[in-house]
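Generate the whole structure from the sequences, applying the supplied hints.
In order, the protein sequence lines correspond to chains A and B. Numbering-wise (the numbering used here), the first sequence opens with residue 44 and increments by one. Numbering-wise (the numbering used here), the second sequence opens with residue 4 and increments by one.
Be aware that a few hints might be false.
To be verified - Listed below are the simulated BS3-like cross-link pairs for lysine-lysine, each with C-alpha atoms no more than 30 Å apart in a straight line: (1) B:K273 / A:K72; (2) A:K160 / B:K273; (3) B:K273 / A:K69; (4) B:K269 / A:K160.
Keep in mind the hints are simulated off the structure, nothing from the lab.
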Amino acid sequence: MRGDDDLVLIVEDDEDDRALIARAFKRAKVEVPLQFAQDGDEALQALGAIASGASHPPPSVVLLDLKLPRRSGFEVLEWMKQHVTMRRVPVVILTSSQESTDLKRAYDLGANSYLVKPAKPDALLAMVERIDAYWLKLNKAAAQSQ
Amino acid sequence: MVATAALLLGAALLLNLSLTRLTQSRQLAFEAATILRQAAEIRADVRTAETGQRGYLLTGDLRYLEPYNVAIGRLWAVFGQLQATVRDPQQLQRLVDLKPLIQAKLDELARTVELRRQSFDAALAVVQTDLGQRLMEVIDARVQELEAAEQAILDARTGVLENDANWATRLASVTGLLALLSAVAGALWLANQRSHARLLGAERRFRMELEGQVAERTKQLTDANEELDAFAYTISHDLRAPLRAMHGYAEALAEDFGPELPEDGKRFTKRIQAAATRMESLIQDILSYSRLAREDVILRPVALERAVDAVLSRAAERIGEVGAVIAVERPLPDVLAHAPTLGQVVENLLLNAIKFVTPGDRPQVRVSAEHHDGRVRLLVDDNGIGIAAEHHDRIFRPFERLHGAETYPGTGIGLAIVRRGIERMGGRVGVEALPDQGSRFWFELDAAGGVEHARG
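Have a look at this one:
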């Protein structure tokens, strides 16, 4: 069910958040390669490299923070949705912002999901399980059957 | 102003009238004086004629007839003038009566003169008949009568004249005074107008200045408020990242090294987690509260019953923990509200209702609604510890707590969110409670009428 080309790109500037998300993936036993980008620029570099075919095929899902140094999550999202090879990659916004304006803007730019970072580790674990179930398994299966 | 002008005009007209009358009076007085003079002349002429006649009778000297002739010649001319001058009917009648008497006298005089030419004795005989003397007396009397009457007329006219003159003088004075008063009043009025205008100008400037100040202060306050809200938001937002880390690592510690930790280590880890949980709800409440101030609240018809049910299902775990019994009197009416805000308000009220009970008591809550005059009032009654009347206002302010966090944990913002949320939706909120007698919290919103309202 899970192919070797699976990859999850996590764009997150907070070191602790990165570590805890990685830990949640591990606890949920979602054994998929995780690639991290620490800001918007780094995310675009990684995605650009992938798009040019220099490295890995496009990621199965991108977990994207909004408030990032240098280049915001919105810009990364916008770039992705305008790029032919990245347009269909699911983008899950993972942010601490509960602002309805942020939510609306993200969906307007083509985000596939909008999640508020859970405060409790249990909730984070549950969230990773849902991401795996929906975006990595179900959605992937649907995409392959097309 | 108008009254003064009218008075002045009236006074001027009266003065004019008075002056006209004065002229007329003067004319009349002059006429009377003329009449008196002419009457006197006539009497004198008659006398002169008689004197001349006597002299001629006595001396036969023709020179005495000279004044006699002159007097007679002038007499009728004067008489004619007199008749032309006299206008009083009674005086005219007197003249008519007087004329034959004078004529008779003159006839007598002429007859004696004629007789004297013939013989002294014959003439003397006529004189001695005393007829001439009696005629003269009657004439004198009549002329005196005429003169007295004319004098009376003259006196009356002079009186009128004086009166008129007095009136004219008084009127002139009054008019002058009025003119002066008008001038003074006008000047005062003008000055008053000018000072009034000055006052108005000053007042307007003052008001504008005040309005400017108020607008400026309002803007400053609004800015400060917005800044505070933005500050609260940013702080709360940025505080959550390290908080997640604390929480996450505490849990990781407990999970990964739990078995190796001594009892105190496990306890401390739990305390860290509990503190992080508390801080998370505090931040969550501050965020909700500040978001309520900043975000647009669009009102739409919302099913109150569904909002209550959603809260009951969200809080099912907590309700089960404390064994609370929550009775909802269905159906509940629809209201005009902002659904997320309404949900939060209902949640805060229900969680409060089951929280503040005497430890060990089973919370019993009743949710009901009243609907009248286009407003819906939702009532949440509990069997809790109640609230003293002096605290009824305080509890709706942010960070106000009546109890220690040990007994009743919470952020102290829950009811502030309720009030701000309800007020943003154009409603009212209140509490009826006494210590140890339970509490009734209520809020009031417009009933749903299908009309959409936007509140900035």
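Structure-based check of all given hints:
1. B:K273 / A:K72: 25 Å, holds
2. A:K160 / B:K273: 21 Å, holds
3. B:K273 / A:K69: Holds - the C-alpha atoms of A:K69 and B:K273 are around 23 Å apart, at most 30 Å.
4. B:K269 / A:K160: 26 Å, holds
In terms of the numbered hints stated before, the structure departs from none.
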